[in-house]
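Protein sequences appear in the order of chains A and B. Note that the working numbering has the first sequence beginning at 22, numbered continuously upward. Note that the working numbering has the second sequence beginning at 1417, numbered continuously upward.
Don't take every hint at face value.
[What the hints assert, rightly or not] Derived coverage of chain B by chain A (criterion: at least 3 residues anywhere in the stretch with Cβ under 8 Å from a Cβ of chain A; other residues may be distant):
| id | stretch |
| --- | --- |
| 1 | 1493-1501 |
| 2 | 1556-1565 |
| 3 | 1592-1604 |
[Unchecked claim] Simulated restraints on C-beta separations:
| id | chain 1 | residue 1 | chain 2 | residue 2 | range |
| --- | --- | --- | --- | --- | --- |
| 4 | A | Phe389 | B | Gln1605 | 53 to 59 Å |
| 5 | B | Lys1476 | A | Ile280 | 54 to 60 Å |
| 6 | B | Tyr1558 | A | Gly353 | 48 to 54 Å |
| 7 | A | Ser40 | B | Ser1563 | 41 to 47 Å |
| 8 | A | Leu294 | B | Ser1563 | 37 to 43 Å |
| 9 | B | Lys1433 | A | Ser40 | 42 to 48 Å |
Quick caveat, the hints were computed from the structure, so don't treat them as lab data. Just so it is clear, CB atoms sit at the ideal spot from N, CA and C, and this is done for glycine as well.
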Amino acid sequence: MKYFRLVWKNAWRKKIRTSLTVLSVFVAFLLFALLSAIGQAFEGGADVADADRLVVIDKVSLINSLPMSYLDRIAAVDGVQSVTHSSWFGGYYQDPRNQFAQFPVDPSSFMAMYPEYKIPREQLDAWAKDRTGAIVGQELATQYGWKIGDQIPMQATIWTKADGGRTWEFKLDGIFSTDDPRGSAAMMLFQYDYFDEARAFGKGTAGWYILRVKPDADPIQVARTIDAQFANSPSETKTSTEAAFAQSFTKQFGNIALIVSLILGAVFFTLLLVSGNTMSQSVRERISELAVLKTLGFDDRTVLGIVLSESILIMMVGGMLGLGVGWIAVQGLAKELASFLPGLFLSPAAMMLAVAFMVGAGILAGIFPALKAMRLSIVDALARA
Amino acid sequence: MTEILAHLSGVNRTYQKGKEKVEVLHNLDLDIPQGDFVAIMGPSGSGKTTLLNLLGGLDKPSAGSVRVGDAEISAMSNSQLSHWRSTNVGFIFQFYNLLPVLTAQRNVELPLLLTKFNAKERARRAAIALDIVGLSERAKHYPRELSGGQEQRVAIARAIVSDPSLLLCDEPTGDLDRETADEILKLLQLLNSEHGKTIVMVTHDAQAASYAKRTLHCDKGTLEVREAA
Ligand SMILES: Nc1ncnc2c1ncn2[C@@H]1O[C@H](COP(=O)(O)OP(=O)(O)OP(=O)(O)O)[C@@H](O)[C@H]1O
Ligand SMILES: [Mg+2]
């Protein structure tokens, strides 16, 4: 620590050069923060997936509904603890651009299936008793300024009502949130009973079933039994883990993780070239100063450490700034994009990774100049000065 | 007879220049007593700097023995030498060699970073050293804000701050005008007489050498050190 001043002053010996280097580090880590949050948003569904939850969909396409009679038959399968259902409503609020997910569900069994969604007891009870009631996630309530008791008209894009209307009115009975920072509650839930009764077609079906496997049961075995049960029926099923289900959703967007890694790889490669160049110039410029330090009795390891610290310091300054600004930006974007790209989140793991990158890149950029400084012959360096 | 601080016997230093061997110092014997102030003169390339480097543990002899105090230079590892230098020798160069990014005070404190002293004690000792060289009021100045003579004073403060017994000066006034040079030389004389520093000073300038107690001549070709008459 007592070398900090020396390291710090040396790092800023050429203010413009160091500023530019810090700026490029800053940009790299800002990008890192944003891209890993976006990657998180796409992959997040799989991360928060509960391994004990299975999803049953139509074998041919997720778009096809399944008969409601499947509910009891799935419940009866060995190893199934509980089961509920959900469907895709696909409406919008006021303007087609106000897109977010809406699901008609059975309030009590659905909320029991997803314990990560937190809602005050009395709000849940009120909703369960209210046929045309709905609850929304905190993000949505904040975004649209909804309060409990508000009437929310939703425009259907798929489900016209039996009376020909396209507007579904819901009364807001509750607001829920998720306690998993990676998860998102940017959705609206309303009563299936009301939905099924009022819709013009498709009555008596559900989009998909969600079931919880008993703790001692084998999820793979349970999935096989369910799919076998409905084999050769008009609606064959495909049962998979929630993670696989989430992934099949995100696959529509291409391999986000790969794209993110490729971009970051290119950014960090450039970063290493830039900062490596800064460090080797910096060492080349002060060969005689380094020789003086060695003359004064600074040993090889200390000299190596001083140069490496300088390189790491530059990375840390730019990197922490980039990460900090990135974190703030992600907070802001997460609010803005809550319904469009839910789950935008800079995870602690990603931040730790970023710090590890800073140290690693600092070492990589500084190691050769540092070794050069360490191996410097005092006599030669002083003779040249 | 006073105690011998530095003792060189049968010292050889050869450099490999391509295939050729250049023998810079040949079978050199030299004793420097404690409290001495020696000037070394001689033509360029005669091996004066090489001799200083050997005395200061920056270089090792190809053959023979260099002993300073209790330390046998030729037998020490590089890291042992680093440590030894930090407490036993102070170096003063022609071009001062201060770190431009640090103030005078911080330059003087540099050698103390290698000690166990805390920040306060380091600052105190550096202030004393700066006071000895008469530059207290310039403590917060950067080298570029100082004149050559002032820079050399800071360099001298840095050389004495860890209280070494031996000061090695390689043309300390080579870059200074007469008047400033005389001030620096008087300061060295003071360090020798009042603070008991043993000083070995390489110089091209006979007038500078006259400040020393004795002058040795390093002769080109013969690689011999002989006492001046
Ligand atoms: N690292 C080295 N490799 C090869 N030869 C060297 C090396 N260092 C010094 N020499 C040679 O040794 C001889 C003596 O060098 P040294 O620097 O000791 O001379 P000097 O008396 O200090 O000269 P000057 O008055 O010019 O400073 C020179 O011929 C020089 O070329
Ligand atoms: Mg010389």
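Can you name, in rising order, the numbers of the hints this structure does not satisfy? 2, 3, 4, 6, 7
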